Amino acid sequence: GQSLEQPSEVTAVEGAIVQINCTYQTSGFYGLSWYQQHDGGAPTFLSYNALDGLEETGRFSSFLSRSDSYGYLLLQELQMKDSASYFCAVDGTAGNMLTFGGGTRLMVKP
Amino acid sequence: DSGVTQTPKHLITATGQRVTLRCSPRSGDLSVYWYQQSLDQGLQFLIQYYNGEERAKGNILERFSAQQFPDLHSELNLSSLELGDSALYFCASSGSGQGLSSSTDTQYFGPGTRLTVL
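Quick note, the sequences are listed as chains U and S, same order.
Residue 30 in this note's numbering sits at position 45 of the first sequence, and the numbers go up by one each step.
With the second sequence counted from 1, adding 151 to any position gets you this note's numbering.
Honestly, the hints are just simulated from the structure, not real lab data.
Among the hints, erroneous ones may be present.
A few chain U residues that face chain S, going by a derived Cβ cut-off under 10 Å, partial list only [stated by the list, open to error]:
1) S18
2) F30
3) S54
4) Y55
5) L83
6) G88
Fair warning: this is a prediction, and the values are worked out from it, not measured in the lab.
In this text, a Cβ means the ideal position worked out from N, Cα and C, and glycines have one as well.
Pulled out of the complex, with its shape left as it was, chain S reads as follows:
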């Protein structure tokens, strides 16, 4: 158990809908990262938040957005869902997010949310 929690575990929805995925980082971690894992695209970085502020952006679609709240939990919002959005969505957290110069920057992954778009 990494200490990172994600809800829900599974989500089944229809095309065109909007969903929200939730992540709680490990106690004390300031950075939250979102990744998407699909069979054809592998594990891809979407976005990083550090202490409530957006810090880095990857291949995140404009239909997707995220935020980190004052209690450091994060939500990933996916809208106008398409069949191709079906994937595992992982949240990870780390201590500082400044770079892997120390053990505090190791990213610990949550169990993931499996999204199925029908």
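Chain U extracted, bound-state conformation:
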């Protein structure tokens, strides 16, 4: 089976930096994705890591350590609009099926 663990809630202030961790246990692994979901909205793709290291996309960065079965999403220069739920997801099969973590609700305060 597959399981992913991430904190349920994180709170930070506007302009700060926040890191959302994700640890996973999977029978197969092709890569780790991150999605953002605002309340009532659809999950939106943020980033993907197949190899160890850091991927940077604007204010968001994602890191993966395959040996530690661990990754994180780093959000810099937080804005109020970043308040949302963030999901890590593992692509563990050749068919591209995603297994999602339970999600981390990020609250950005002024």
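Following the hints, complete the assembly by docking chain S onto the known chain U.
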């Protein structure tokens, strides 16, 4: 806007009934995925179709079925509905569905259908 469309946006029905949810993938995408999101179960993969063929199956109940048509749109059929089936149902699409080895395999989600079973 991801380019994936889903209808209807909202659906309210009674226990024991049957409903059909519809999804149109992004132009050019061959793979369609269905996910269920509920408060207690989170976001769960149900089933994937690639170019009309079933490719992967997740925790999909036997009361649920899906298909992908020649024009690549997909339908998810839910029957003998129970209160616990109330959830958001998302469809996603990707280019090839072969695995996230390239940007073509990123899954783009539609706006979802909110199903309420009374």
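Checklist entry - How about S54(U): closest beta carbon in chain S under 10 Å, or not? => result 17 Å, violated
Checklist entry - Can F30(U) be said to touch chain S, with a Cβ gap under 10 Å? => result Interface hint status for F30(U): holds (5 Å vs cutoff 10 Å).
Item to check | Supplied contact hint for Y55(U), tested at 10 Å Cβ to chain S | outcome: Interface hint status for Y55(U): violated (18 Å vs cutoff 10 Å).
Checklist entry - How about S18(U): closest beta carbon in chain S under 10 Å, or not? => result It holds, given that the least Cβ distance between S18(U) and chain S is near 7 Å, below 10 Å.
Checklist entry - Given G88(U) was flagged as interface, is its beta-carbon under 10 Å from a beta-carbon of chain S? => result 7 Å, holds
Checklist entry - Any CB of chain S closer than 10 Å to the CB of L83(U)? => result 6 Å, holds
Against the hints set out earlier in the document, violations occur for numbers 3 and 4.
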